[in-house]
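All chains should be modelled from the sequences, with the hints used to inform the complete structure.
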Amino acid sequence: MLFRSDLIHLLPALCRDALYTYPSLADAAGGQLPDCQWTSLNFFQARPAPYYLDGRSTYLELAATHREIAQADRLGDLICFTSADDRIVHSCVRIAGDLVFTKNGRNITAPWLLQREADVAAIYLQGEVNRVRYFRLKPIDN
3 MLFRSDLIHL LPALCRDALY TYPSLADAAG GQLPDCQWTS LNFFQARPAP
53 YYLDGRSTYL ELAATHREIA QADRLGDLIC FTSADDRIVH SCVRIAGDLV
103 FTKNGRNITA PWLLQREADV AAIYLQGEVN RVRYFRLKPI DN
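Heads up, the final residue of the sequence shown is numbered 144 in the numbering used here, and it's a clean run with no missing numbers.
Since the hints were derived computationally from the structure, they do not count as laboratory data.
These numbers were taken from a predicted model, which means no experiment stands behind them.
Any given hint could turn out to be false.
Ranges of calculated distance between the beta carbons of each label pair, as one might list FRET restraints [to be verified]:
| no. | residue 1 | residue 2 | range |
| --- | --- | --- | --- |
| 1 | SER26 | ALA72 | 34 to 42 Å |
| 2 | LEU62 | TYR22 | 26 to 34 Å |
| 3 | ALA72 | PRO14 | 17 to 25 Å |
| 4 | ARG89 | LEU12 | 30 to 38 Å |
| 5 | ARG133 | ALA66 | 16 to 24 Å |
| 6 | ILE125 | GLN34 | 20 to 28 Å |
| 7 | ALA15 | SER59 | 17 to 25 Å |
The C-beta atom is built at its ideal place from N, Cα and C for all residues, glycine as well.
Printed below as a string of structure tokens:
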């Protein structure tokens, strides 16, 4: 079994720096703290983009930079829990196996965590949230 100190060295900078920490007021942009969408879309970024705090920008960025896939099975694949009208209610990032990197809530008391995908699904697949969609970052054209 990998321990946090072993696994953390294999992860991108945002995940390494944020894992098991809480956001500070310095992380806020425009009065909003990072949430799951910000976390998911900034996963591979060297410097997190603050505009992912806006839901419209997040959706446009996802459509422009990711493609939908049948299953999230690679590091960095996004797992999105959506409503019947395809509104993304929560997203998280595949790490390995059934582990995902997530931030459950846009508040100062919600830390960045590694959780089992089934545990995240148990929280979010309820009521109107009844679908899971998977996305992968599109290759960069040279």
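Give me the numbers of the hints this structure contradicts, sorted from smallest to largest.
none
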